[in-house]
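Make a model of the complete structure from these sequences and hints.
Chains as they are written, first to last, in the working numbering: chain A, 1434 to 1949; chain B, 49 to 218.
Please note that a few of the clues may not be correct.
Said to hold, decoys possible - DSS-like mimics (lysine-lysine), calculated; alpha carbons at most 30 Å apart, straight line:
1) A/1882 <-> A/1933
2) B/186 <-> A/1882
3) A/1577 <-> A/1755
4) A/1755 <-> B/186
5) B/186 <-> A/1933
6) A/1882 <-> A/1755
Unchecked claim - Computed footprint of chain A on chain B; a stretch qualifies when at least three of its residues, placed anywhere within it, have a C-beta under 8 Å from a C-beta of chain A:
7) 60-72
8) 138-144
9) 153-167
10) 177-188
Think of the hints as simulated: they come from the structure by calculation, not from any bench.
Quick reminder that beta carbons are idealized off the backbone N, C-alpha and C, glycines included.
Chain by chain, the residues:
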Amino acid sequence: MTPVPDPSEEWRRLDRRTVLVTAAVLTGVAGGAGLPTVLGLAGAMPLWRAVTWVLAGAALLVGGGAAADYVRWRRTRYRVGAERAELRTGLLLVKRRSLARERIRSVDLTAHPLLRVLGLVKVRIGTGENAGGESTLELDPVTKAEGERLRRELLDRVRPDAPDSPHDGALAVLDPGWIRYAPASFVAPLLGGAAAGAVMQVSEWFGAQGEVIEWIGDRFQDTSVLGMIVVLVLLALLAGTVGALGLWVEMWWNYRLEREPGGTLRVRRGLFTARSISIEERRLRGVELVEPLGVRMCRAARVDAVATGLVKDDEDKHADHKTLLPPAPRDLADRVAAQVLRESEAPTGAPLTAHPRAARTRRLRWALGSALAPVAVLAVLGAALTPVLLYAAAGCALVLVPLAVLLALDAYRNLGHGITGDYLVTRSGTVRRTTVALQRGGVIGWTVKQSSFQRRAGVLTLTATTAAGEGAYDIHDAGEGEGLAFAAEAVPDLLAPFLKPTGVRDAGVETRKTRG
Amino acid sequence: MTGENAIRDEVRLRPPRNAVDERAVTWWRTQLLLTTTVPVVVLGVLGALLQPARFWLLLTAGAVAVAGLAATAFFPAWWFRVHRWEVTEDAVYVRTGAFWQEWRIAPMSRIQTVDTVRGPLEQFFRLSTVTVTTASSKGAIRIEGLDHQLAADLAERLTRITQDTPGDAT
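Now the structure itself:
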């Protein structure tokens, strides 16, 4: 990059080494796709011809891709002025995108290993709008120093209220011991299944799928079918666990959550692909404590940010942009949540109002319904066709019914809502329990839903709508009067004008109040 | 003494003040009739043409017709009783639904856009739908079945109020 007199006003170029990166990536792709193609073609023609064809194709792909990227590099310019950040790109159709600087809410840096070797980063500049691609500028790539400069320059705003010092600096750093929670998530069984699928797929490329299955059958010649299934499932789970551990290390190595002077939270993490995600505190409307069942049983929790206009990354599904803390011990998660929100006590840890027993009845009914449906199907089929299915139905009932009842009771126990200081807190879920602490000022509307069954049971579902996070957070099956009073108290003057007192049945009513 | 029965009837949501236009009932009936007629006619024609499956096709057509007519007779009147709306100085308040009823409230200060939509059938009945959106992806409020003049005035009024409110409504 040539030095220029006033760097903030000049049109700048991306780093020219992007061509190199593209070529290298395409070479990798060509290699990965070429090998099975050669093996596939080798059946129809001599090996040298297959290799020649594939090499020619690969050269075309790599050369063409690099040339296209060179043109893109030549035609792309960006500029950060006093008012706007602008990007010009495109060969025939020149695209200009310009973002008002005051609307810029996030500057995220990512660098995959290749970029890191060359000292480059990919920069995404986003506004708070949910309009998707239209509201982000992507600079792919610039030098690391330039990325840092852009990040600091675009997000550094002078905050009038001086931030209190105890909440500044590093809020959390990685404890390698947290890796013990990695296999407890749902990633492990998924990866296990994927590994088994991959073995089958690769062996099919080499035309050896039958042999693999035969070989597996041979290993288990002297065990029963059930034993074989158990061992195979255990193997898949083992592979999944190893995969989950590896993924955790890749994602969370060098993790660090810190607060920067400009009023920005910054998450840095990643072993091979380094990521830096900045969330402006102005956009923060609360936090969400997420506890998948396995993680919850280990008394751990993950902390997500509830913020407006977070970048939704489609390319990189595992790079969750809203996660502030990976699964970590529950007390620590609460402490980090409190620090992120600049509170002395974590709103997510406060005691909550329980929901009426009708909510429990409803949950038990759903659970029994969903557990008995397959049992009933099996039983009917069994009665009509073969008695073996009747045994299967009995087995299903024995396993599913207690499981469903346990989950239903747990789901009921987890229901709760309350007001803690400036936050509205709601908790629900059993397989994935979430506790949301939402700023009361961030609630921009209420939706109250009630089905005929709920009406009879005297419960209703309250939904606080908000500009942040998922857009709406539910309070399931709250008591009718108590829930409405709670909603009216949580957001003053919004619901109250539309409430009316009804015939009070009991004198003790006025003494009841939600816990604050 | 603070049992659940005691607090159950402490407060209730009161119904919004205004009913929708009476023509909305006819509009809903026509909609339901049209959505019933299309599959019934298709099934009937197929039944007339396809000899082997005639019985089953005509039976399905009959079932759909009966269900559709029952819904046409039953739901619009119920909807008319439930669907109500109200716009105060501070908020928009709407009740909709039948089996699943829904009350939606959006404060005036958080409204971002106000749209008026008139489908072909609505135009025929001189009705409009006003949609009010907030910054939440899930907070939109629809008021269906308003007289089109009333809807236009309402949209204008809402737009004026929200323009006067500072901030980006998030």
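Evaluation of the provided hints:
Restraint check for residue 1882 of chain A and residue 1933 of chain A: the C-alpha separation of about 17 Å stays at or below 30 Å, so the hint holds. For the hint pairing residue 186 of chain B with residue 1882 of chain A, the CA-to-CA distance comes to about 14 Å; that is within 30 Å, so the pair holds. Taking the CA atoms of residue 1577 of chain A and residue 1755 of chain A, the gap is near 23 Å; set against the 30 Å cutoff, the hint holds. Annotation: proposed proximity of residue 1755 of chain A to residue 186 of chain B holds, straight-line Cα distance about 19 Å (limit 30 Å).
A threshold of 30 Å between alpha carbons decides the hint, and for residue 186 of chain B with residue 1933 of chain A the separation of about 26 Å falls inside it, so the pair holds. Proximity of residue 1882 of chain A to residue 1755 of chain A is assessed by CA-CA distance (about 28 Å); at most 30 Å being required, the pair is judged to hold. Coverage of the region 60-72 of chain B by chain A holds in this model, with 4 residues showing a Cβ closer than 8 Å to a Cβ of that chain against a need of three. Coverage of the region 138-144 of chain B by chain A holds in this model, with 3 residues showing a Cβ closer than 8 Å to a Cβ of that chain against a need of three.
By the rule of at least three residues with a Cβ nearer than 8 Å to a Cβ of chain A, the coverage given for the region 153-167 of chain B holds, with 4 such residues. By the rule of at least three residues with a Cβ nearer than 8 Å to a Cβ of chain A, the coverage given for the region 177-188 of chain B holds, with 6 such residues.
Checked against the numbered hints listed earlier, the structure breaks none of them; every hint is satisfied.
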